[in-house]
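Chemist: Guided by the hints, dock chains B, C, D, E and F with the ligands onto chain A, whose structure is given.
Residue numbers (this note's numbering), protein chains in the order written: chain A, 1 to 397; chain B, 1001 to 1397; chain C, 2001 to 2397; chain D, 3001 to 3114; chain E, 4001 to 4114; chain F, 5001 to 5114.
Mixed in with the good hints, there may be bad ones.
[As the list claims (entries may be wrong)] Here are the computed lysine-lysine pairs in the DSS-like style, where the Cα-Cα straight-line distance is at most 27 angstroms:
hint, chain 1, residue 1, chain 2, residue 2
1, C, K2370, A, K252
2, D, K3018, A, K302
3, E, K4071, F, K5003
4, C, K2252, C, K2370
5, F, K5071, F, K5018
[As the list claims (entries may be wrong)] Now the in silico label distances, taken between C-beta atoms and shown as ranges:
hint, chain 1, residue 1, chain 2, residue 2, range
6, A, G68, C, E2082, 40 to 50 angstroms
7, B, F1248, A, T331, 50 to 60 angstroms
8, F, E5014, C, A2279, 51 to 61 angstroms
9, F, D5032, B, F1248, 32 to 42 angstroms
10, C, R2367, B, D1002, 49 to 59 angstroms
11, A, A75, B, G1181, 52 to 62 angstroms
12, C, G2374, A, I176, 40 to 50 angstroms
13, D, D3032, F, E5022, 19 to 29 angstroms
14, C, A2279, B, E1381, 53 to 63 angstroms
Everything labelled a hint here was simulated from the structure, so no lab data went into it.
We put the CB at the ideal spot given by N, CA and C, even for glycine.
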Amino acid sequence: MDANSALDILWVLLAGILVFFMQAGFALVEAGFTRAKNVGNIIMKNFMDFSLGSLTFWIIGYSIMYGGEGAFFGAFDFFYNEPGDYHNLFFQTVFAATAATIVSGAMAERTKFSTYLIFSVVITVVIYPISGHWVWGGGWLSTLDTPFHDFAGSTVVHSVGGWAALAGAWTIGPRIGKYNGTANAIPGHNMVLGALGVFILWMGWFGFNPGSQLAISGDNANAVASIFITTNLAAAAGAIVTMFVTWFRYGKPDLSMTLNGGLAGLVGITAGCDIVTPAGATIIGIIAGFVVVFSIEFFDKKLKVDDPVGAISVHGVCGAIGTLLVGLFATDGGLFYGGGFALLGSQALGVVSIGAWAFGLGLILFRVLKATMGLRVSEQEEREGLDIHEHGQSSYN
Amino acid sequence: MDANSALDILWVLLAGILVFFMQAGFALVEAGFTRAKNVGNIIMKNFMDFSLGSLTFWIIGYSIMYGGEGAFFGAFDFFYNEPGDYHNLFFQTVFAATAATIVSGAMAERTKFSTYLIFSVVITVVIYPISGHWVWGGGWLSTLDTPFHDFAGSTVVHSVGGWAALAGAWTIGPRIGKYNGTANAIPGHNMVLGALGVFILWMGWFGFNPGSQLAISGDNANAVASIFITTNLAAAAGAIVTMFVTWFRYGKPDLSMTLNGGLAGLVGITAGCDIVTPAGATIIGIIAGFVVVFSIEFFDKKLKVDDPVGAISVHGVCGAIGTLLVGLFATDGGLFYGGGFALLGSQALGVVSIGAWAFGLGLILFRVLKATMGLRVSEQEEREGLDIHEHGQSSYN
Amino acid sequence: MDANSALDILWVLLAGILVFFMQAGFALVEAGFTRAKNVGNIIMKNFMDFSLGSLTFWIIGYSIMYGGEGAFFGAFDFFYNEPGDYHNLFFQTVFAATAATIVSGAMAERTKFSTYLIFSVVITVVIYPISGHWVWGGGWLSTLDTPFHDFAGSTVVHSVGGWAALAGAWTIGPRIGKYNGTANAIPGHNMVLGALGVFILWMGWFGFNPGSQLAISGDNANAVASIFITTNLAAAAGAIVTMFVTWFRYGKPDLSMTLNGGLAGLVGITAGCDIVTPAGATIIGIIAGFVVVFSIEFFDKKLKVDDPVGAISVHGVCGAIGTLLVGLFATDGGLFYGGGFALLGSQALGVVSIGAWAFGLGLILFRVLKATMGLRVSEQEEREGLDIHEHGQSSYN
Amino acid sequence: MKKIEAIIRLTRYESVKKALEEQDITFFSYWDVRGVGTAREGHLYRGTVYDTSIIERRLISIIVRDENLEKTVQALMSAARTGEIGDGRIFVSEVEESYRIRTGESGPETLYTK
Amino acid sequence: MKKIEAIIRLTRYESVKKALEEQDITFFSYWDVRGVGTAREGHLYRGTVYDTSIIERRLISIIVRDENLEKTVQALMSAARTGEIGDGRIFVSEVEESYRIRTGESGPETLYTK
Amino acid sequence: MKKIEAIIRLTRYESVKKALEEQDITFFSYWDVRGVGTAREGHLYRGTVYDTSIIERRLISIIVRDENLEKTVQALMSAARTGEIGDGRIFVSEVEESYRIRTGESGPETLYTK
Ligand SMILES: Nc1ncnc2c1ncn2[C@@H]1O[C@H](COP(=O)(O)OP(=O)(O)O)[C@@H](O)[C@H]1O
Ligand SMILES: Nc1ncnc2c1ncn2[C@@H]1O[C@H](COP(=O)(O)OP(=O)(O)O)[C@@H](O)[C@H]1O
Ligand SMILES: Nc1ncnc2c1ncn2[C@@H]1O[C@H](COP(=O)(O)OP(=O)(O)O)[C@@H](O)[C@H]1O
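Same shape as in the complex, but just chain A (with noise of 0.2 angstroms):
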C-alpha cells in the first residue's frame, strides 16, 4: 500500500476516534441538563447504546446501509468480514450510533431502561441504516439528477436523531411537574458537566465533518482544513448568535441555551461543510443560533413537547435548516451563487422524505413499544429517581 493510501487509512481511524469521544460529550449534556436522580441511568443508557450499536452495526447494520446499490436498500449479509474496509466499518459504526443518542436525550428522565435498549437497537439497525442508504450508500436520493447533498449527516444523522426524538418525546408525554397550564423550568442539575459535554462535542465534530472526507492525501488535505474552518465558524457563530438571542429576550444571557447554540450551529453546518465558504459557514451558524431559541421555545410552550436537552431543535429543527441552506450556500450549485433552484429542490426533497421516513417509523415503533412492554417508568418511580429504581443506587453518594 502506498503512503497515500495509509495516510487516508489513518485519517478515517483518527476522525473516528473524535466521533466514538462525541459518545462522552452527549452522556455529559444529557447528565448535566436533568436531574441528579437520574443521572445513573442517563449513563448507563449512553453506554449501552453505544456497546449495542456497535455490536449490532458490525452484525448487520453496515450491511444494510452500504451492502449493495439498491434504490432503497442495501444488503443483508450479516457479520461484516472484510479486511481491507475495517477502517471504513469502524467509522461508520461510531457514526450510527450518534443517533440513538439523540433519542436517548429527548426522552431522559422518564424511560424503561429496558425498554429503551430495543428502541435504541431498532433505531441503530433499521431506522438510521436505510435512509442513510438512500444518500451515502448509493440510494435513490444520491442518483437523482441533482443528488441530495448532506455531506457529513445533518440530515442523514442528526435529523434522523431528531425525529425519531420528537417522535419519542411526544409519545412518551413531558416528565410530571413539566406542565401545569404553563411550562415549567425543570433545570438541569450541573451546568459544568453539560459545559464540557458541549467541548468534547465540538471536538468530535472535527472528526465528524473533516473525518467524512474520508481521505486527506492529495487534494483532500486542503479540503479537509477547510471544512475545520467552515465547521468552526459555524460553531463560534451560533453560540454567539445564541448568548445574545437569550440576553436580548430573557435579559440575561442563558447559559444552557448558549450551549445548545454552538451545537445548533455544529449540525447546522454538517451538511454543507465542504461546500461553503467560510463566510457563508458563518452565516449558516448565525441563523442555527438564532433559529434554536425560537425552536425550543416553541417545542417547549407551544406543543408542549418536553425535551430536556433540546435534542428535538438542535438536531432535528437545525439539521433539517442547515440541509436546506446548502441549497442557497453551496459555491457549487447553491441558489445565491447562480446555481438555481435544482439543488434547494433536492435538499428539499431529501429533508422531507428521510424527516417523514424517521419520524414515522419512530413513531410506529414507539407506539408499538408503549402498547406492548411499555415506554414509560411508573409515577412513583419516576418521582424518586430511575437511579434507585432501575438500577438500584444513586450516583452520588
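Modeler: Showing chains B, C, D, E and F with the ligands alone in chain A's frame:
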C-alpha cells in the same frame, strides 16, 4: 526520511497521546468509585505516578526494558538519549505509567501517600520493565519456539498491574467498615466521574492496542484498522454481557459493574487484538464480561480482598484470561484454528511466570514497606479522610 | 499534492484539535479553583472567548499577525480567505484564543460579563497578534541578529496572557474577603474538575508544542518526537518539584499547587522545547516548578494581587523564565553550550519588550473599561454569586 | 407560638407546599435529612445489598401562631400521606419568642401571613 | 437554657459570626436550609422563569445560658440585618438539659465559654 | 415526649447508630452540620492556613418517650465519646405532640418501636 517513516512516527506519537490521556481516565474511575473524602489524594497519586513514571522511565526504566537482548534483563544505561527513537520512548513511557496506576486503584482510601510514591517508582522502573523485557524487549518469552504472544499488554501491562494490586490490597487489608462478618457496600461517590473515566479509557485503548503495531505505513494500515474493530467489539461485548449478568444475578443492571465490564473486554482483547477475527474478539469480550462479575464477587466476598475499583479482576484476571484465549482464538496458531496446543502452552507459561513475578515481587515490596515506613494511614486519618490528613484540605468546598 | 505535504497538513490539523481541547482544560481548572456560585459564569466566559476569538481572529486577527512583513504589524485584510492555508488559520486561531482565557482565570469571580466580552476581543485581535507578529510574523524580534527564540509561545502566548492578567487582576482588585490585613484562603470548590482540566491541558500541550513545528514530514518527524519528550519531562519535573516544595514548606503536599506545578513546567518548556535536550528540559521544568510556588506566594501575600487560579505566576512568570532559560540551555546558541550571551540577550529583550507591551496595553484597556462601562460587578452580585446575577440561575441544582 | 417539624418523603414536598399555601401558610424553611425507621429501601452496589434503612427525607420547619397549629398539622398530614410505610412524622413543640430580623419586631405578629 | 435558631441570608454569615465572637459566643452549629417566604428571587432556565420564592439560607443554632439570651439575639439581629425583604427570623425556645459528650458533664455550665 | 439533639463527629456515626439499635432506638433522623467550637482543624490551601474552627459534624435528632430519655442519652454519650476536644453536645427539650403521618395517630405511642 520518506513519507512512510514519518507516517509511522506520527502514528506512534498520536497513539501515545491517547494512552497518555488514559491517565485521566484511570484517575476519574478511581475517584468516582471511592468516597469524596479521599478524592484529592486519589487525584494526587495518579498525577504523581505519571510524573514520577515519566522521569524515572526515561532515567532508567526504558533501558532496562529495551536496552539489550539479555534473556531476563535489558541494560543499565541512564538518561536515555537516542534522538531517532524518541517516539518509541514516548510511547513506552505512557505505557509504563499504567501499571502503577492500576495498583493505586486497588489500594485506594487507606494507603500512605509517601509510601505510595515509593512503590509507584519501584513498579515503574523495576517490576514492569523486567517482565516487559521478557516479552517485548527480546527476553526469554519472546525467544521460545512458539513465542508467547501478548500484542499490546494484557499480561505485560494489565496483569502485572493487577497482580501487584492483589499483593498490595491483600497486604494492606480492607478499608475500615468493609467487612464485619459479611462484605459491606461502600458506594462510590460519583458515578458520572466513573463513567467519564471509562469513556476516556475506551478512547485511549484506540491508542493502546492499534498503536502497539508501532507503524501504519504499508500493510500496517489494514492491520491497524482491524485492531480498531477487534478492540471495539470486545469492549462492547464485555459491557453488554456484564450488564445482563448483573441484571439476572442481582435483579437490576449494575452501573459500576457494567463500566468494569467494558474495561474487562478491553483488557481481555489487548493480547490478541492483532490476531483474532472480529467474531473471535466478540467472544473474548463476552468471556471477559462474564468472568469479571464472578471474579469481583470472588475477591470481594470469598477472599475478602478489598479492591474498591475492581482493578484486580479487571486487569489481573481478565488480562490473564485474555492472554490465554489467544491460544484458542489466534487465527495463526490458535487451537480453534487448527494450531494445536503449542501456542496455548506458551501463553500459559507467560501468564504464570509473569504473574508469579509481579505478585511475588509485589508481595516482597509491600511487606518490606509495611515493616519499614508503614503502608497504611492511621485509623483516624482513614475515618476522617485522606484529603484532610495527607493534604490538609478537602477537595469539595 | 504529495504525501509529505498532506502529512504536514494532517499534523497541523490534529495538533490544532488538541490545542482546541485545551479550552476545556482551562475552563475546568478555572471552574474547579473557584467557588460553586460563579461556575456558570466561568464556563460561559471560556465558551465565549473561544467563540468570539474564532470569529474575530478569522475576520482580522490573523491578518494583523501574519498578513505582512512589517516590523511591528502585519496587514489589515478582513475575512481571511486563502484556501491553501486554512490549516494554518485553524492552528493559529486555537492558539489565539488561549491568551484571553488566561486573563479570565486571574479575574474570576468578580468581573462583569459584558465587559469581559469586550476585553476578550481586544486581547485576541489587538494585543496578542501584534506582539505575536514581532516574533512569528516576521516582525522586528525575528529579524534581530540573533533572533529571539520562542518556539511555541512561552512569551508570545503565555506571558502575554499572564501580564495582561496581572494588569487586570491589579486593576479590578481582590475578591471580597480575600484580604483583611493578611491573605485569606478561598478554597476552590472542586479539585477533581481542576485535576481533569490539568490532564486535558497536558494532553493539549502535545499539540501546542510539537504542533508548532508545523510539519512532520522528513526530518521534522524526529524533531517533533523530540519535542514530545522535552515537553513531557518538563511537565513531570515541574509537578514533582512543586509537590516537594509545598510539602517541605507547608508540611503537606498541596494538590492545587502541584497541579499548577505541572502547568508551570509546560509553560516553561514551551519556548525552548525544540532546542534543548531531555536533560535540559528536565532542569527547566525543575526551575519552573520551584519558581511557581514562590511566585504565587509573592503575588498573593506580598503584592496582594488576587489571582484565584495562579494564572499570573504560571503563565506570566514561568513563561518569562522559560524564555530566558532558552538563552542558557539551547543546544544551539545557549550560554551553557558555549553560545555566549547573544541569545540570552535577545531572549531578555523579547521578554521585556513583549511584557511591557502586554502589561501596558492591558493596563490602559482595563483602566478605560473601568472608567467607562465598569469592570466589576456590584458587591451584592459578588457575594451572592455571578451565576444568579449575571445569568439568572445557579449551575448546580 | 408553636414549632411544627414535619419529616416527609422528598417526593411529597410539592403537594405539601401547595397544601400549606392553600392554608395561607407561606412561610417556612426546609432542608434534606436522612431518616432511619421501619421503612426499608433495597440498594445495590457491585452486587452487595446495603443501606436498607436510611431514606432521604425532607424536614419542614414551620413556626406558627397557636391558632394556626391545627390547620397546619392537618394540611401537612393529608398532603404528605401515601399510606405506605415510611410516610414520616410531625412533631410539635413550644416556641417562646420570635423576631423578624428586618424590622426587629418580636412576638406572634411576626408570623402574620399578611 | 435557651435554644436560638436564626435563619439568615447566606451572605450575612461572616458578619454574624464575627458579631457573635465579639459577644464571646463561640459555640454554635449551622447548616444550609431553603426558606420559603415573602422574598422573591427571579431565576431563569432556558427561557422559563421559575422558583421565585425559595431562597438559600443558613440556619444557625445556638444553645445559650439564660443570661446570655439577650445579647446573643441582639448580636444576631444587628449583624444579619440588611433592611431588605428576606432578612429572616430568630426563634427562641426552651432547652431542658445539655450534656458535653467529651466529659459527660451536664447542665448550663457545659455552655460556658471559658 | 423529649427531643434529643446530639451533635457528634461524623466519624462516630456508625458506632452511635449501633449503640442506639442496641437500645431499641431504631427511629431517628440526621443531617450534616458544621460546628463552631473549641476544636480546631488546620486546613491549608495554596499555602494559606484557614478555617480553623469549622468542623463537619452530624446532627442526630431523636424524639423519644420520656421513659426512654435516659437510656438514649447514655447510649449516645458513650458511643460518641473519644475523649478528644470536639466530641460535641447533646441537648434535650420538650415535645408537645407527635403524629404519625401514615396513620394519623398522635401521642407518645407513635414513638413505639414496632
Ligand atoms: N422518634 C423519631 N425521632 C426522629 N425522627 C423520627 C422518629 N420516628 C420517625 N422519624 C422519622 O420519620 C421517618 C419515617 O418513619 P417510618 O417508621 O419509616 O415510617 P412510618 O411513620 O410510616 O411508620 C423516619 O425515617 C425518620 O426520619
Ligand atoms: N414561620 C416561619 N417558620 C419557619 N421559617 C420561617 C418562618 N417565617 C420565616 N421563615 C424563614 O425566614 C425567611 C425570611 O422570611 P421573609 O419573609 O422572606 O423575610 P422578612 O423576614 O424580611 O419578611 C424565610 O425564607 C424562611 O426561611
Ligand atoms: N452552645 C452550643 N450551641 C450549639 N452547638 C454547640 C454549642 N456548643 C457546642 N456545640 C456544637 O458541639 C460541637 C463540639 O463542641 P467543642 O467545644 O468543639 O467540643 P467539646 O464539646 O469536646 O468541648 C461544636 O462544634 C458545635 O457544633
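Chemist: Please go over all the hints and tell whether each is borne out by the structure.
Modeler: Status of the hints after comparison with the structure:
1. K2370(C) - K252(A): Between K2370(C) and K252(A) the Cα gap is close to 21 angstroms, so the pair holds against 27 angstroms.
2. K3018(D) - K302(A): holds (26 angstroms)
3. K4071(E) - K5003(F): At roughly 26 angstroms apart (the allowed maximum being 27 angstroms), K5003(F) and K4071(E) satisfy the hint.
4. K2252(C) - K2370(C): Outside the cut-off at roughly 40 angstroms; violated.
5. K5071(F) - K5018(F): Measuring from Cα to Cα gives roughly 14 angstroms; hence the hint holds.
6. G68(A) - E2082(C): 40 to 50 angstroms: holds (42 angstroms)
7. F1248(B) - T331(A): 50 to 60 angstroms: Once the Cβ atoms are compared, 57 angstroms apart, the range 50 to 60 angstroms for T331(A) and F1248(B) holds.
8. E5014(F) - A2279(C): 51 to 61 angstroms: Check passed, 53 angstroms falls within 51 to 61 angstroms.
9. D5032(F) - F1248(B): 32 to 42 angstroms: holds (37 angstroms)
10. R2367(C) - D1002(B): 49 to 59 angstroms: Since R2367(C) and D1002(B) have Cβ atoms about 57 angstroms apart, the given range 49 to 59 angstroms holds.
11. A75(A) - G1181(B): 52 to 62 angstroms: Since A75(A) and G1181(B) have Cβ atoms about 60 angstroms apart, the given range 52 to 62 angstroms holds.
12. G2374(C) - I176(A): 40 to 50 angstroms: holds (44 angstroms)
13. D3032(D) - E5022(F): 19 to 29 angstroms: holds (28 angstroms)
14. A2279(C) - E1381(B): 53 to 63 angstroms: Violated: the Cβ-Cβ distance is about 38 angstroms, outside 53 to 63 angstroms.
Going down the numbered hints, you'll see the structure goes against 4 and 14, while the others check out.
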